[in-house]
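The listed protein sequences correspond, in order, to chains A and B.
Numbering-wise (the numbering used here), the first sequence opens with residue 1 and increments by one.
Numbering-wise (the numbering used here), the second sequence opens with residue 133 and increments by one.
Take the hints with a grain of salt, since some may be wrong.
Some, not all, of what chain B presents toward chain A, calculated at C-beta under 8 angstroms [to be verified]:
{"id": "1", "residue": "A168"}
{"id": "2", "residue": "G171"}
{"id": "3", "residue": "A172"}
{"id": "4", "residue": "E180"}
{"id": "5", "residue": "R187"}
{"id": "6", "residue": "L191"}
{"id": "7", "residue": "A194"}
{"id": "8", "residue": "I201"}
{"id": "9", "residue": "I205"}
{"id": "10", "residue": "F212"}
No lab work stands behind these hints, which were simulated from the structure alone.
Think of the CB as a built atom: it goes at the ideal place given N, C-alpha and C, for glycine as much as any other residue.
Given next are the chains, with one letter for each unit.
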Amino acid sequence: MGETFKLRIKVYKYTLILTCLISGIAVFVIREYVPFIYGLVFGTLIASLNFTLLAKTLERAAKMTPERAKGYATSRYFIRYMIYGIVLYISVVADYINIIGTIVGLLVIKIVILILHAFNDKAYYKRIFRIR
Amino acid sequence: MEPITGRALILACSAIGAGLAMIAGIGPGIGQGFAAGKGAEGVGRQPEAQGDIIRTMLLGAAVAETTGIYGLIVALILLFANPLIGLL
């Protein structure tokens, strides 16, 4: 299962919810919404798989020596980067997939992570808007 | 020698721009490698905190990848769906 299993499930769950929400909005806002939704689903699926790949990479890297972990994580990053490149190229070339949808799909998981784990502290916002 | 047309100039500059945009993809790779190295060091020093270290590293690495994706998007749009050619 690994140390990140629960975290991954939580992130996937919220990613699915956000993707459905964006798809629902796209149906009302965008005239040709089918290619956009195709792109969104395509991007979200690839981003989720790449997130799993990242988790597996880091779980393995943590058990290596620091020097080996450095090289291993960097090499795996470039493999994932190549996958992103192929996905974006397919979206640009294929007419039935909207590139904007794919870009949004790829970034949905990052937005979920930021919302769940970076901007989830209410005290932080209170400090920003506090009048001194 | 034929004169350089506006379209050819835009295509050439776009290719150079795409190459420059791809530099953005190198940074996250180096950063992730560095973080993984330090994470492995941390796990070696404090094995009981392995789960916390990996989880924090995972979230950080996933967000750090975003800038690389932006660079890739800019490069691919400049190469295959250049919006500047339509302005001619």
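Now the hints, each set against the structure:
Given the 8 angstroms rule on beta carbons, the hint for A168 of chain B holds: about 3 angstroms separates it from the nearest Cβ of chain A. Here the hint on G171 of chain B is kept, as its CB sits about 6 angstroms from the closest CB of chain A, short of 8 angstroms. Because the beta carbon of A172 of chain B sits about 4 angstroms from the nearest beta carbon in chain A, less than 8 angstroms, this interface hint is met. Because the beta carbon of E180 of chain B sits about 12 angstroms from the nearest beta carbon in chain A, more than 8 angstroms, this interface hint is broken.
Checking R187 of chain B against chain A: minimum C-beta separation of about 5 angstroms stays under 8 angstroms; hint holds. Evaluation of the L191 of chain B hint against chain A yields a held restraint, the C-beta minimum of about 5 angstroms falling below 8 angstroms. For A194 of chain B, the interface hint holds, since its Cβ comes within 8 angstroms of a Cβ in chain A; the closest pair sits about 6 angstroms apart. Satisfaction of the interface hint for I201 of chain B is found here, the shortest Cβ-Cβ separation to chain A being roughly 6 angstroms, below the 8 angstroms cut-off.
Against a cut-off of 8 angstroms between C-beta atoms, the interface hint on I205 of chain B holds, since the closest Cβ of chain A lies about 6 angstroms away. Interface hint at F212 of chain B: satisfied, since its Cβ lies 4 angstroms from the closest Cβ of chain A, which is below the 8 angstroms cut-off.
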